[in-house]
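2 protein chains.
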Amino acid sequence: MKIIEGGVCAAKGYRANGVHCGIRKSRDKKDLALIVSEVRASCAAVYTTNLVKGAPILVDQKHLADGKAQAIICNSGNANTCNANGTEIAEEMSRLLAEELHISNDDVVVSSTGVIGQPLEIGPIAAGIPTLVAGLSENGTEDATEGIMTTDTVKKTVAVEFELGGRTCRIGGIAKGSGMIHPNMATMLVFITSDAAIAPDMLQKALSGDIQSTFNMLSIDGDTSTNDTVVVMANGLAGNPEITRDCEDFRIFMEALNTVNVALCRMIAGDGEGATKLLECKVSGGRDLASARICAKSVICSSLLKAAMFGADANWGRVMCAIGYSGADVDITKIDVAFRSCTGTISVCEQGAGVEFSEDKAKEILLQKEIEILVDLHDGDVEATAWGCDLTYDYVKINGDYRT
Amino acid sequence: MKIIEGGVCAAKGYRANGVHCGIRKSRDKKDLALIVSEVRASCAAVYTTNLVKGAPILVDQKHLADGKAQAIICNSGNANTCNANGTEIAEEMSRLLAEELHISNDDVVVSSTGVIGQPLEIGPIAAGIPTLVAGLSENGTEDATEGIMTTDTVKKTVAVEFELGGRTCRIGGIAKGSGMIHPNMATMLVFITSDAAIAPDMLQKALSGDIQSTFNMLSIDGDTSTNDTVVVMANGLAGNPEITRDCEDFRIFMEALNTVNVALCRMIAGDGEGATKLLECKVSGGRDLASARICAKSVICSSLLKAAMFGADANWGRVMCAIGYSGADVDITKIDVAFRSCTGTISVCEQGAGVEFSEDKAKEILLQKEIEILVDLHDGDVEATAWGCDLTYDYVKINGDYRT
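Those protein sequences? They're chains A and B, same order as listed. Counting in our numbering, the first sequence runs from 574 upward without gaps. Counting in our numbering, the second sequence runs from 574 upward without gaps.
I should point out that these hints are in silico values taken from the structure, not numbers from a laboratory. Among the clues, some could well be false.
Identical copies go unnamed one by one, so any copy, or any two together, can satisfy a pair.
Dumping the calculated SDA-like pairs for lysine to any residue here, alpha-carbon to alpha-carbon at most 20 Å [said to hold, decoys possible]:
| hint | residue 1 | residue 2 |
| --- | --- | --- |
| 1 | K602 | F823 |
| 2 | K970 | T849 |
| 3 | K635 | G953 |
| 4 | K855 | G953 |
| 5 | K575 | G739 |
| 6 | K575 | M827 |
| 7 | K778 | I825 |
| 8 | K602 | P773 |
| 9 | K934 | G973 |
| 10 | K641 | V835 |
| 11 | K970 | D909 |
| 12 | K970 | R740 |
| 13 | K641 | R597 |
| 14 | K934 | S914 |
| 15 | K855 | R818 |
| 16 | K907 | G696 |
| 17 | K936 | Q691 |
| 18 | K907 | A657 |
| 19 | K641 | E815 |
| 20 | K942 | G900 |
Build out the structure end to end from the sequences listed, making use of the hints.
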């Protein structure tokens, strides 16, 4: 498997674009994105488990009932959530796009991200769609990525190439993250395209399985958004024998999908609102997957640990504390904790108690941009990883006045 | 019932003191506190549910097996948690105090708060105990309160007077809060004294019942500490007929205890690390107590909502979002949300959708020190309240470098 360029346009038969249509005030910020497959594609999606769901999700659940789609349209600047006429607006977005593309309305996936509870006007979107469609290009992944960003500071895009049944296949994805990121069955917006041939039910199985160890192990601030959505389209243009069951090809597809999703998770975590560091908590020695995951995620979610990482403070007691209240059934007296980054590794806790260590070396390790928090539960051989970021002044600044 | 002065010394037969013994570096900061009852008292306690427990808690569970105690000793500056010899040190603290006071070792409650995982030396404590005991006074509540503070900026003390069986009774308490506050069965350190006569099992019943609607509804940062402890002593010196069953007097005692605990909760929340505002989420119209409490606590715990409150931003979508992911079974389309403070009340969401409101008026309301977030679920008549604080630059600053 190899990492390649091209994002959502890397796979055969996809074009994308992003424009400014006027939902966001600043003309420099694109606010409408589009991804289109040349042919109808298998399409799977997972959504937020928040009871408050963005109106587009309700529309998508209907449109994807047949496991097929051809286009994804997404606006930023407004979440179209908690609006009395939200569903109408989302349906109108879909209808207008379908008309312009001459495809079936049911083959459109709609997404929105931004402020909750502010009416979304259809005007700017209706006016923007013709330009959006006219500008579709095989080099459009950057523009589409910009179109879905809110407080993101980095464009998140990745693609991989692999082989299935002797044919070259590709999977590529783009994502937006930043704040309100603590997915539960999905994450903020992630759009993935592939040219592999795979039946809709197997595509859904691949996605639903993979997110348990990828997007559901990611947290920026513990807030599960109302609009989280991961969509993957696979149009079959690679010409591989269609995957219709749990076979070796399915395993390869899963691995490629996982590579894309882990890469996007790391990008989302590293670009969390106000973040200066990517945190990866790697739990090993777990008795079972559930407890390993619970521990990893609890550590990544601790505000105190996140603030300590911002300050490059090797305050490992907060790691132990977070494991202790996680709800996982672990033996505290067996746990080892270490910190690792590109400058080295330092052990700070063994068998549940502190060990002497060099504060200078710890500081040097924690001053890096990517920090691994290594937890060995010494209770089995199961591993889990969770991703997050530090808690910084800028997180407070960004969220203290987001709407204005 | 009336609010009175005196904290833990308000009730008959209690003396207290606080000194600097040398655990904390700054000589200006007291780090050892003591509360003593003239006679053995009924004593009840609740502790953290964190699997990682401070060593003192293990000692206390043993000492309080008979429901009786006479003294509480507590150090700040070091949590005595995740230390290989933690239990020995906690036992030694207890033994030294018992010797100095000429009481039974089993009648001592030990507590520690501060950094996790740094060995606690017995030396300064052993040296400090004689001074601590010699200085015991009926006016010592302030000194004791100072002795248990860490990053607290405000002394938290309250007392009430009420009548039981024709006799005047009192309950008073002191608390420390600040960070790592998200109690589960208990909170950070709270010491309560009373002169009421009440059997140990009824005292435990009163405490365990009350914390469900008080300390367990409080969150500063979602981190459940390893050392959370609430202890209440009742020495019977008020001379009321002893409470031994669920009678009218028990109800009155519960009400007085609740008044003390709610007051301390509000003080702890308002003085959360870095906090500029006290947040109270009042949920009404709940179908049942569990769902009302889950909603209130989820709102109070949302980092995004907390940051918005810091910025006086009426971003009510984050209230809805937090209710949506709380896990409570609610009908989103029925929910009303309003903000209230001393300057007025403003409705921002009705039946799950935004309503037009004056941003200026909202700003004025949210710029106050105490903000109520009013949520009506319109699904019954059950109410619940949770307490928290805003998320600020100072929270990050304090916790980015707490150990150094």
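Quick rundown of the hints versus the structure:
Taking the shortest alpha-carbon separations for K602 and F823, neither the intra-copy value of 39 Å nor the inter-copy value of 64 Å comes in at or below 20 Å. Both within a single protomer and between protomers do K970 and T849 lie at most 20 Å apart by alpha-carbon distance, with minima of 14 Å and 14 Å respectively. In the homo-oligomer, the alpha carbons of K635 and G953 never lie at most 20 Å apart, since the shortest distance is 43 Å inside one protomer and 32 Å across protomers. In this assembly of identical chains, the alpha carbons of K855 and G953 lie at most 20 Å apart only when taken from the same copy (14 Å versus 45 Å across copies).
In this assembly of identical chains, the alpha carbons of K575 and G739 lie at most 20 Å apart only when taken from the same copy (15 Å versus 83 Å across copies). In this assembly of identical chains, K575 and M827 lie within 20 Å of each other by CA distance solely inside one copy; the values are 15 Å within and 67 Å between copies. Only within a single protomer do K778 and I825 lie at most 20 Å apart by alpha-carbon distance; the minimum there is 14 Å, versus 58 Å between protomers. In the homo-oligomer, the alpha carbons of K602 and P773 never lie at most 20 Å apart, since the shortest distance is 35 Å inside one protomer and 66 Å across protomers.
When the C-alpha separation of K934 and G973 is checked against a cutoff of 20 Å, the pair qualifies only between copies, where the shortest distance is 18 Å, while the shortest distance within a copy is 35 Å. Proximity of K641 to V835 under the C-alpha cut-off of 20 Å is found in neither arrangement, the shortest distances being 25 Å within a copy and 55 Å between copies. In this homomeric assembly, K970 and D909 never come within 20 Å of each other (Cα to Cα): the closest approach is 35 Å inside a single copy and 28 Å across copies. Taking CA atoms no more than 20 Å apart as the test, K970 paired with R740 passes in neither setting, with 49 Å inside one copy and 54 Å between copies.
Within a single copy, K641 and R597 get their C-alpha atoms no closer than 31 Å, and across copies no closer than 65 Å, so neither meets the 20 Å cut-off. In this homomeric assembly, K934 and S914 come within 20 Å of each other (Cα to Cα) only inside a single copy, at 11 Å, whereas the closest approach across copies is 49 Å. With identical chains, the CA atoms of K855 and R818 are never at most 20 Å apart, being 32 Å at best within one copy and 51 Å at best between copies. Proximity of K907 and G696 under a CA criterion of 20 Å is satisfied in neither setting, with 61 Å inside one chain copy and 29 Å between copies.
For a Cα distance limit of 20 Å, the shortest separation of K936 from Q691 across copies, 17 Å, qualifies, whereas the shortest one inside one copy, 45 Å, does not. In the homo-oligomer, the alpha carbons of K907 and A657 lie at most 20 Å apart only across protomers (12 Å), although the nearest pairing inside one protomer, at 53 Å, exceeds that limit. For the identical chains of this complex, K641 and E815 are intra-copy neighbours only, at 15 Å inside a copy versus 73 Å across copies, given an alpha-carbon limit of 20 Å. Taking the shortest Cα distances, K942 and G900 never come within 20 Å of each other, neither inside one copy (30 Å) nor across copies (34 Å).
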